[in-house]
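> Protein sequences appear in the order of chains W and E. Here the working numbering is used: the first residue of the first sequence is 1, the next is one more, and so on. Here the working numbering is used: the first residue of the second sequence is 1, the next is one more, and so on.
Don't read these hints as lab results, they were simulated from the structure. All figures in this text were calculated on a predicted structure; none of them were measured in a lab. One or more hints might be untrue.
Partial pick of chain E residues on the chain W-facing surface, computed with a CB cut under 7 angstroms [to be verified]:
1) Gln18
2) Leu21
3) Arg22
4) Val202
5) Gly209
6) Leu210
7) Asp211
8) Thr212
9) Lys342
10) Met345
11) Gly405
The calculated lysine to aspartate or glutamate pairs, modelled on DMTMM-like cross-linking and capped at a C-alpha distance of 20 angstroms, are [stated by the list, open to error]:
12) Lys336/W with Asp25/E
13) Lys281/W with Glu303/W
14) Lys281/W with Asp248/W
15) Lys336/E with Glu300/E
16) Lys336/E with Asp25/W
17) Lys336/W with Asp403/W
In silico negatives: residues of chain E with every beta carbon more than 12 angstroms from chain W [what the hints assert, rightly or not]:
18) Arg120
19) Asp276
20) Ala277
21) Leu337
22) His449
23) Leu462
Backbone N, C-alpha and C define an ideal beta-carbon position, used for all residues, glycine too.
Protein chains: 2
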Amino acid sequence: MRHSSAEFISLSHDWLAQRALRSPDQLALVYGERARVFRRLDAEVTQLARSLLEHGVQPETRVAVLMRNSDDYALVVHALSRLGAILVPLNTRLTAREIAWQLGHINASILLHDETNRVRAVETLETLPNLQLESVSNLHSEIVNQQSAFTRLQSPFENQKLVPSAVEGSKIQTHSILFTSGTTGNPKAALLTYHNHWSNAVASALNLGLDTDDVWLVCMPLYHIGGLAILLRGVIYGNPVIIHPAFDPDAVNRAFDEQRVSIVSLVSTMLQRVLDARGDKPFPPTLRCVLLGGGPATAELLERCARVGVPVVQTYGLTEAASQVATLTPRDALRKLGSAGKPLMGIELRIEQQGEPLPQGEIGEIVISGPTVMREYVNDPQATARALRDGWFYTGDMGYLDDEGFLYVVSRRDDLIVSGGENIYPAEIEAVLNTHPSVIESAVIGVSHPEWGQSPVAYVVLQNGDTLTQDELQTFCARQLARFKIPTNIYFIPELPRNASGKVLRRNLAPPSPVKK
Amino acid sequence: MRHSSAEFISLSHDWLAQRALRSPDQLALVYGERARVFRRLDAEVTQLARSLLEHGVQPETRVAVLMRNSDDYALVVHALSRLGAILVPLNTRLTAREIAWQLGHINASILLHDETNRVRAVETLETLPNLQLESVSNLHSEIVNQQSAFTRLQSPFENQKLVPSAVEGSKIQTHSILFTSGTTGNPKAALLTYHNHWSNAVASALNLGLDTDDVWLVCMPLYHIGGLAILLRGVIYGNPVIIHPAFDPDAVNRAFDEQRVSIVSLVSTMLQRVLDARGDKPFPPTLRCVLLGGGPATAELLERCARVGVPVVQTYGLTEAASQVATLTPRDALRKLGSAGKPLMGIELRIEQQGEPLPQGEIGEIVISGPTVMREYVNDPQATARALRDGWFYTGDMGYLDDEGFLYVVSRRDDLIVSGGENIYPAEIEAVLNTHPSVIESAVIGVSHPEWGQSPVAYVVLQNGDTLTQDELQTFCARQLARFKIPTNIYFIPELPRNASGKVLRRNLAPPSPVKK
Numbered sequence: 001m002r003h004s005s006a007e008f009i010s011l012s013h014d015w016l017a018q019r020a021l022r023s024p025d026q027l028a029l030v031y032g033e034r035a036r037v038f039r040r041l042d043a044e045v046t047q048l049a050r051s052l053l054e055h056g057v058q059p060e061t062r063v064a065v066l067m068r069n070s071d072d073y074a075l076v077v078h079a080l081s082r083l084g085a086i087l088v089p090l091n092t093r094l095t096a097r098e099i100a101w102q103l104g105h106i107n108a109s110i111l112l113h114d115e116t117n118r119v120r121a122v123e124t125l126e127t128l129p130n131l132q133l134e135s136v137s138n139l140h141s142e143i144v145n146q147q148s149a150f151t152r153l154q155s156p157f158e159n160q161k162l163v164p165s166a167v168e169g170s171k172i173q174t175h176s177i178l179f180t181s182g183t184t185g186n187p188k189a190a191l192l193t194y195h196n197h198w199s200n201a202v203a204s205a206l207n208l209g210l211d212t213d214d215v216w217l218v219c220m221p222l223y224h225i226g227g228l229a230i231l232l233r234g235v236i237y238g239n240p241v242i243i244h245p246a247f248d249p250d251a252v253n254r255a256f257d258e259q260r261v262s263i264v265s266l267v268s269t270m271l272q273r274v275l276d277a278r279g280d281k282p283f284p285p286t287l288r289c290v291l292l293g294g295g296p297a298t299a300e301l302l303e304r305c306a307r308v309g310v311p312v313v314q315t316y317g318l319t320e321a322a323s324q325v326a327t328l329t330p331r332d333a334l335r336k337l338g339s340a341g342k343p344l345m346g347i348e349l350r351i352e353q354q355g356e357p358l359p360q361g362e363i364g365e366i367v368i369s370g371p372t373v374m375r376e377y378v379n380d381p382q383a384t385a386r387a388l389r390d391g392w393f394y395t396g397d398m399g400y401l402d403d404e405g406f407l408y409v410v411s412r413r414d415d416l417i418v419s420g421g422e423n424i425y426p427a428e429i430e431a432v433l434n435t436h437p438s439v440i441e442s443a444v445i446g447v448s449h450p451e452w453g454q455s456p457v458a459y460v461v462l463q464n465g466d467t468l469t470q471d472e473l474q475t476f477c478a479r480q481l482a483r484f485k486i487p488t489n490i491y492f493i494p495e496l497p498r499n500a501s502g503k504v505l506r507r508n509l510a511p512p513s514p515v516k517k
Numbered sequence: 001m002r003h004s005s006a007e008f009i010s011l012s013h014d015w016l017a018q019r020a021l022r023s024p025d026q027l028a029l030v031y032g033e034r035a036r037v038f039r040r041l042d043a044e045v046t047q048l049a050r051s052l053l054e055h056g057v058q059p060e061t062r063v064a065v066l067m068r069n070s071d072d073y074a075l076v077v078h079a080l081s082r083l084g085a086i087l088v089p090l091n092t093r094l095t096a097r098e099i100a101w102q103l104g105h106i107n108a109s110i111l112l113h114d115e116t117n118r119v120r121a122v123e124t125l126e127t128l129p130n131l132q133l134e135s136v137s138n139l140h141s142e143i144v145n146q147q148s149a150f151t152r153l154q155s156p157f158e159n160q161k162l163v164p165s166a167v168e169g170s171k172i173q174t175h176s177i178l179f180t181s182g183t184t185g186n187p188k189a190a191l192l193t194y195h196n197h198w199s200n201a202v203a204s205a206l207n208l209g210l211d212t213d214d215v216w217l218v219c220m221p222l223y224h225i226g227g228l229a230i231l232l233r234g235v236i237y238g239n240p241v242i243i244h245p246a247f248d249p250d251a252v253n254r255a256f257d258e259q260r261v262s263i264v265s266l267v268s269t270m271l272q273r274v275l276d277a278r279g280d281k282p283f284p285p286t287l288r289c290v291l292l293g294g295g296p297a298t299a300e301l302l303e304r305c306a307r308v309g310v311p312v313v314q315t316y317g318l319t320e321a322a323s324q325v326a327t328l329t330p331r332d333a334l335r336k337l338g339s340a341g342k343p344l345m346g347i348e349l350r351i352e353q354q355g356e357p358l359p360q361g362e363i364g365e366i367v368i369s370g371p372t373v374m375r376e377y378v379n380d381p382q383a384t385a386r387a388l389r390d391g392w393f394y395t396g397d398m399g400y401l402d403d404e405g406f407l408y409v410v411s412r413r414d415d416l417i418v419s420g421g422e423n424i425y426p427a428e429i430e431a432v433l434n435t436h437p438s439v440i441e442s443a444v445i446g447v448s449h450p451e452w453g454q455s456p457v458a459y460v461v462l463q464n465g466d467t468l469t470q471d472e473l474q475t476f477c478a479r480q481l482a483r484f485k486i487p488t489n490i491y492f493i494p495e496l497p498r499n500a501s502g503k504v505l506r507r508n509l510a511p512p513s514p515v516k517k
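I would like the entire structure built from these sequences, with the hints used as guidance.
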């Protein structure tokens, strides 16, 4: 059984097919008790792709995916590639309302969900009645039923297609659309090409090295670029990827000890919990790299890692650059405390203020350029024009370079709140608060949180005479916002502090100055 | 001292500058007693680039380089990159007349030479009186004299340029023009872009892995793609490269033992000599990869390597694909004897006959596609049109894929012998001849035959002291080969004529020059 070229796009975009040709018997994917080699993964992806095709998924179709971490997620990612369809991973913590907004924004016509997310998927139909819902477990049942209709499984060798022109097309061919939190209220939809993802995998390998014995562990959500990037690296490098359904520090430690994990990607709070759970047990020598994202780590954490021999590689990453942008090697970790290291090979980075590059040591906006930078924000020409200028991407993050060229990220763009690895933009929460009839205006800031790094708190000005409790307003938010975005504290104040030009002075909004009403 | 953007092209093409920013204190280059870290290499390259600029080298200038292997060669390669000029490496074994033909063919206006090649460089002026000769040692003297004029060495950090548009330009920006051996008359000038070289380095790393402790040894000519590719990988990967002035088996063994060489690139005859010179001394564990090119290795050689623990990785490479196309891992070396392995990640390969892909097991032309494939043969639209069709490169080599997708290169198409309508592949006959205990090596070519069009004749090198008649060897062949494949004449010669990369020069094997033993 050979695909017609009308059915599937060229092999050159289909990294899994390429990998299965080269390393058919190499371990590819481990999820719980289920392990697959590349040959088998490839065959199952072909089946799933065929099933998706029968359900109307075509090249360029935007397929939103609302699924928890699992091996099914990996199957879906590769099956969409095989079809030339576009992956749109959705944050599973979002409300149905938020999901519907995202789908509408990018005109996604199909929403693929698992059983866990069925209810929320159905709820989105209230807003988007024409949306086509597909359940991944239904697709699997169909495959089992139709099994006898297939003479035999597609062998990877037969996947080799004869449509080479797409090789050069990878620069523009869209792989996925990932939502980032938006400074102006609504999320932005970053469009990433095959070339972006491939270039990131390559740049990361040139930095971290590439061992044929590497085993990656993914315990971060696959809907984030940090998780998705590891899935893609697995097939590009030909290394096994172990997927955890959710972050569990004990499971992470067991994977270190029993599954020869060599690389894992974590944020500070997760690493802290892994260390706590581990106790005095030494780390195995097979663990060669802990990629640490989500903001600079504390000296205390880094020193603790150095003591117990955890090779921490701090990174600065962006959805818009397909993940890693800069990394700090373990060798420099303590010498350059708080630094995100140097930009990866192929990525240029400068610090800029009002269009002018700044000298070493001065703080300005971090601006990058390179083959990993996204093509655009989908259906948002204004945001695109603001972010992409003359081939440079304006990150909105502030930082500086020291005299050796090491990057220090001083603050994430504007007022970004990072809570347990999730980016939260105050504007989005403020927009929801302001829709309450009793609220005149509001301001949200991040405050430090013992477990999650930061959590959002809100300052609210009420209509004269109106009264409202924190609980009431939190409940109001919960209908429209993912749980992690709901302010942990809400303070009612008579007016927001502003500067002469009317801009809210967020730095004047630090607790405990405001008194809770 | 900061370059103006008019002087130097964007950083994105300047791999050395990028590397020096990231790994300034990493060892970069070793030649005899001279060792340089990336920071120093970068500074010296800036000086040389400035000097070349003063001598008229501009972006896009084609600079032919006639130099023996040395650290100067590496300086020149990187300095031309810094200027955006085009490197044209010349085979130092060519006559002045052949060099002049090549320079004229591609309109190179500057010939850069070292002291060893001064006389031949001057001789080319007889044919090309307008050629500008530049001596690399003169350039160095000028640099020393002007040293005081420089306030200080350029630091790598200051090299960072602000011209990002060229990032996307690497696909078309020319890096170098390399002449291929040209089995059919005049050499062809393969034009390789930055994208070609970068993609090859990446594909090779995805195959061989990438260790931050790797040390590459180059003992092949730097004017061949196999040598040049290692120089470029050095700066792309950030690993040190050790350059030997020429191939010396004892020096290679010393480098293994004393300089922690982890990867070396050799052809069979060189590897044989390294093994002979080594005797019983075990190979150090730091040697993790011997890349073996220039045609399939014999079972005897591979078994010998397996016995003494040399990790041989057989490769099939092409100048037109920036070097490696396919490789066979040590794990499969003995199981897939004679195979060149599988195509590198990102490279598609098929076997074709008269425009139709052939099924597994059938011999046809090897056709490849991918980001490593050259843009064109310079000033040779006919050869380009013949070789590049619809994005596929027609290698002219014949081979087949087995049922697991392993490539077997049967022979160069140019060597194909057609006798009475039957296709004869010299490699097949040579393989039989080489199994005779008295035969060291052999080469078979076609000569015209009054009745059958062509007939095969063999050139055979015997073990020292052995004697054998043509009749005896023909009888030996008759036991294993169809009648039409038995060489009609067999000539006994002391050694086969080879080019610098070890490839047998079949065109030098025309009768009646050899004397029948």
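> Hint by hint, say whether it matches the structure.
Verification of the hints:
{"no.": "1", "hint": "Gln18", "verdict": "6 angstroms, holds"}
{"no.": "2", "hint": "Leu21", "verdict": "6 angstroms, holds"}
{"no.": "3", "hint": "Arg22", "verdict": "5 angstroms, holds"}
{"no.": "4", "hint": "Val202", "verdict": "5 angstroms, holds"}
{"no.": "5", "hint": "Gly209", "verdict": "5 angstroms, holds"}
{"no.": "6", "hint": "Leu210", "verdict": "4 angstroms, holds"}
{"no.": "7", "hint": "Asp211", "verdict": "6 angstroms, holds"}
{"no.": "8", "hint": "Thr212", "verdict": "5 angstroms, holds"}
{"no.": "9", "hint": "Lys342", "verdict": "5 angstroms, holds"}
{"no.": "10", "hint": "Met345", "verdict": "6 angstroms, holds"}
{"no.": "11", "hint": "Gly405", "verdict": "5 angstroms, holds"}
{"no.": "12", "hint": "Lys336/W with Asp25/E", "verdict": "16 angstroms, holds"}
{"no.": "13", "hint": "Lys281/W with Glu303/W", "verdict": "17 angstroms, holds"}
{"no.": "14", "hint": "Lys281/W with Asp248/W", "verdict": "17 angstroms, holds"}
{"no.": "15", "hint": "Lys336/E with Glu300/E", "verdict": "14 angstroms, holds"}
{"no.": "16", "hint": "Lys336/E with Asp25/W", "verdict": "16 angstroms, holds"}
{"no.": "17", "hint": "Lys336/W with Asp403/W", "verdict": "12 angstroms, holds"}
{"no.": "18", "hint": "Arg120", "verdict": "38 angstroms, holds"}
{"no.": "19", "hint": "Asp276", "verdict": "30 angstroms, holds"}
{"no.": "20", "hint": "Ala277", "verdict": "30 angstroms, holds"}
{"no.": "21", "hint": "Leu337", "verdict": "19 angstroms, holds"}
{"no.": "22", "hint": "His449", "verdict": "38 angstroms, holds"}
{"no.": "23", "hint": "Leu462", "verdict": "41 angstroms, holds"}
Violated hints for the displayed structure: none, as all numbered hints are satisfied.
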